[in-house]
Amino acid sequence: MTAFDATSTLKATMDRYYRDLGAAAERGTAPVAWCTSVGPAELLRALGFRVFFPENHAAMLGAARTANRYMPLAHAHGYSQDICSYLTSDVGAYLAGESPLSAYGLQGTPRADVLVFNTNQCRDVRDWFEWYGRAWNVPVVGVRSPRSLEAVTDDDVEAIARQIERLVPTLEAVAGTRLDAPRLEHAVRVSRECSDLWELCLRTAAHEPAPLTFFDGTVHMGPAVVLRGAEEACAYYRVLLQELEQRARENVAAVQGEAFRLYWDGMPIWGRLRSLSTLFAEFRTSVVASTYCNSWIFSALDPADPIRSMARASLELFIGRSEEAKEDYIARMTELYRVDGIVYHDCRTCPNNTNTRYGMPGRLADRTGIPALVLDGDVNDMRCVSDEQARTNVEGFIEQLADARHLARSARV
Amino acid sequence: MTYAGVDSGSWNTKAVVIDAGARVLGTSVVRSGADLAGAAEQCYAQALDRAGCSRDAVSAVWATGFGRQSVAFANGSRTELDCHGRGAAHYVPGPLVVVDIGGQDAKVIRIDAAGQRVSHRMNRKCAAGTGSFLDEIALRLGVPIEHMDALAAGSTDELELSSFCTVFAGTELLTLIRGGKRPADLAMAAYRSLVKRIVAMDVLDGRVVATGGVIAHHPTMVSLLAREMRAEVLVPPHPQEMGAFGAALAARDGAASVGPASADRLTSLAPLGAAHAR
Chain A
1 MTAFDATSTL
11 KATMDRYYRD
21 LGAAAERGTA
31 PVAWCTSVGP
41 AELLRALGFR
51 VFFPENHAAM
61 LGAARTANRY
71 MPLAHAHGYS
81 QDICSYLTSD
91 VGAYLAGESP
101 LSAYGLQGTP
111 RADVLVFNTN
121 QCRDVRDWFE
131 WYGRAWNVPV
141 VGVRSPRSLE
151 AVTDDDVEAI
161 ARQIERLVPT
171 LEAVAGTRLD
181 APRLEHAVRV
191 SRECSDLWEL
201 CLRTAAHEPA
211 PLTFFDGTVH
221 MGPAVVLRGA
231 EEACAYYRVL
241 LQELEQRARE
251 NVAAVQGEAF
261 RLYWDGMPIW
271 GRLRSLSTLF
281 AEFRTSVVAS
291 TYCNSWIFSA
301 LDPADPIRSM
311 ARASLELFIG
321 RSEEAKEDYI
331 ARMTELYRVD
341 GIVYHDCRTC
351 PNNTNTRYGM
361 PGRLADRTGI
371 PALVLDGDVN
381 DMRCVSDEQA
391 RTNVEGFIEQ
401 LADARHLARS
411 ARV
Chain B
414 MTYAGVDSGS
424 WNTKAVVIDA
434 GARVLGTSVV
444 RSGADLAGAA
454 EQCYAQALDR
464 AGCSRDAVSA
474 VWATGFGRQS
484 VAFANGSRTE
494 LDCHGRGAAH
504 YVPGPLVVVD
514 IGGQDAKVIR
524 IDAAGQRVSH
534 RMNRKCAAGT
544 GSFLDEIALR
554 LGVPIEHMDA
564 LAAGSTDELE
574 LSSFCTVFAG
584 TELLTLIRGG
594 KRPADLAMAA
604 YRSLVKRIVA
614 MDVLDGRVVA
624 TGGVIAHHPT
634 MVSLLAREMR
644 AEVLVPPHPQ
654 EMGAFGAALA
664 ARDGAASVGP
674 ASADRLTSLA
684 PLGAAHAR
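Protein chains in written order, with the working numbering: chain A, 1 to 413; chain B, 414 to 691.
Among these hints, one or two may not hold up.
[Claimed, not checked] Residues from chain A that face chain B, not an exhaustive set, calculated with beta carbons under 8 Å: (1) 376; (2) 393; (3) 404.
[To be verified] Listed next, with one range per pair, are the computed distances between beta-carbon atoms: (4) 575/B x 324/A: 33 to 39 Å; (5) 458/B x 366/A: 45 to 51 Å; (6) 65/A x 450/B: 25 to 31 Å.
Please keep in mind that the hints were generated in silico from the structure rather than gathered at the bench.
Glycine residues also receive a C-beta, built at the ideal position from the N, C-alpha and C atoms.
Could you put the whole structure together from the sequences, leaning on the hints where they help?
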């Protein structure tokens with residue numbers, strides 16, 4: 001992983017966020033809403049909620065490699081080991097009464113006053129929230145999104161906008177306040193600014209050599225995930241962007257001697273983030289871009305039309321699109337970042353964010369001429385990961401790229 | 414000039430010594446056990462002995478296999494994906510598809526007309542589709558693994574083992590035994606199950622070459638593969654030692670080492686054909 005000066009600002013930003021959340025949940029300083037990663041966070045902020053994203057919490061369990069300690073508790077309650085391991089590790093941690101948030105002074109998972117989902121990612125987020133809704137006897141509301149969209153039509157947007165609007169009375173009742181239009185416009189404006197800044201940060205990796213990798217991105221995306229719609233996130237990305245642009249100008253590489261550039265599709269393998277980062281770096285290979293980190297870019301957000309633009313942004317999300325739309329997107333990214341190969345993570349418990357199971361790697365390889373590697377693994381369940389097989393797969397893939405490059409050079413001589 | 418390759422596999426370690434013309438001078442296979450470095454030493458010494466040459470006479474030795482990092486005396490390394498492909502392509506010109514079935518994993522490797530690897534697939538983290546599956550079934554049938562092929566030769570009834578999972582397949586086997594099914598038919602069913610897993614890994618079109626310990630010791634697998642694919646399956650010489658042979662070829666050809674056995678990883682992406690010195 002790359003050491004950035006901005007990391008101290010990142011830590012301070014996240015620290016303030018969690019402590020503020022803890023104060024709200026445990027001392028009642030503000031109402032608390034849980035929100036899925038692409039749920040209507042801006043609406044919640046405009047109503048004064050402190051917003052908690054359990055996917056971020058589950059990722060912390062994965063990165064700390066404690067997820068497998070908790071999952072069996074959820075399995076025992078009837079939540080299968082074949083469903084989302086974010087869900088099972090988070091629910092398991094709750095059942096165990098433990099949370100990595102204790103490092104920020106919280107006593108455990110912050111208790112919600114309301115849980116708000118959007119099924120644009122998967123059904124699991126709804127099941128996840130409903131588990132807590134039953135445990136705490138609090139309302140669970142949400143948006144039911146269409147999936148596998150070829151294009152996002154005005155009709156689709158209208159339907160989702162109506163659903164978002166229908167959330168308002170419940171949320172107002174829980175928050176004890178009325179929705180204020182200027183506050184919503186402000187939240188959407190700030191959210192869009194955060195999105196634009198995050199996009200600019202990621203785009204610096206188009207530079208050769210790339211100043212950051214996908215693995216760095218999964219760490220530095222924290223504020224874009226949990227502070228979407230808040231000024232603090234924008235402040236952080238201004239700091240990070242400045243550093244990344246300077247590194248690009250000075251050709252400071254995230255991976256020393258960058259020889260190969262790859263694109264990552266699918267979820268991170270949180271429990272192997274560092275070891276995979278080291279493994280790729282050993283082979284002078286920079287994983288320069290990813291669908292995952294790009295998924296927090298919401299270019300459709302428009303403060304002039306807050307609800308409809310939130311609806312459009314949630315529908316344009318990669319995970320909710322058709323195979324054809326996804327392929328077009330990845331093909332564009334491979335051109336933008338000039339990659340030598342694509343790594344697909346076949347995530348055992350996350351079929352919705354796995355793009356290897358309907359022939360996409362082969363189709364895209366044929367279309368772009370860019371070779372593909374499929375790594376079997378999981379986002380949080382490390383029982384699904386074979387380190388030896390991953391090493392051989394990665395090393396074998398780099399051998400293949402090296403041989404192909406040599407052959408091409410020989411042919412030119 | 415003499416070259417050598419050592420394949421440190423999950424079950425067995427294999428070594429091959431070749432001359433500059435890729436003629437095999439000596440081979441060896443020993444159990445890998447828990448001491449991978451010791452097994453590599455022993456295997457290499459045995460192959461050298463059989464080749465009638467000393468260590469000093471070997472210009473370069475390369476390692477491959479899952480334990481390639483444990484072969485301390487190697488001058489370089491390549492993955493088994495590369496070495497099985499490289500070895501098979503020496504005997505059979507591309508384009509071809511190499512099917513390698515080892516004790517712990519199965520691989521399908523595609524080689525183009527120029528002899529370059531263009532893709533690979535490995536089995537998932539699961540014993541089904543590997544030699545370990547056959548070991549489990551032999552244990553359940555109470556026959557030594559080396560007798561299983563001969564046992565299957567007496568099969569007359571076509572049975573199916575439908576389970577995806579080795580443990581469940583074992584349970585299914587017990588049900589069939591209770592139902593009075595013959596061990597010969599059950600052994601053949603196990604081979605058929607393994608073949609079905611292999612053909613599902615990738616499209617096995619064109620020229621198919623089979624390698625690996627399972628292929629070397631279970632000829633039934635080759636005939637079943639051919640039957641399933643309705644095509645000829647080629648088995649090159651010394652299929653079990655193909656990875657080690659490929660590593661010896663890599664040592665001879667000075668293939669770029671991207672592996673951790675190379676002395677300096679940051680400069681190890683030397684062009685193919687460059688002399689590889691430690």
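* To do: With a cut-off of 8 Å on the beta carbons, see whether residue 393/A makes it to chain B.
  => 6 Å, holds
* Asked: Is it true that residue 65/A and residue 450/B lie within 25 to 31 Å of each other by Cβ?
  -> Because 29 Å falls inside the window, the suggested range holds.
* To do: With a cut-off of 8 Å on the beta carbons, see whether residue 404/A makes it to chain B.
  => Given a least distance of 6 Å, the restraint on residue 404/A holds.
* Asked: Range hint 45 to 51 Å: satisfied by the CB atoms of residue 458/B and residue 366/A?
  -> 47 Å, holds
* To do: Check the following: the C-beta atoms of residue 575/B and residue 324/A are separated by a distance inside 33 to 39 Å.
  => 35 Å, holds
* Proposed interface contact between residue 376/A and chain B, which counts if any beta carbon pair is under 8 Å -> 5 Å, holds
This entry satisfies every hint, going by the numbered hints stated previously.
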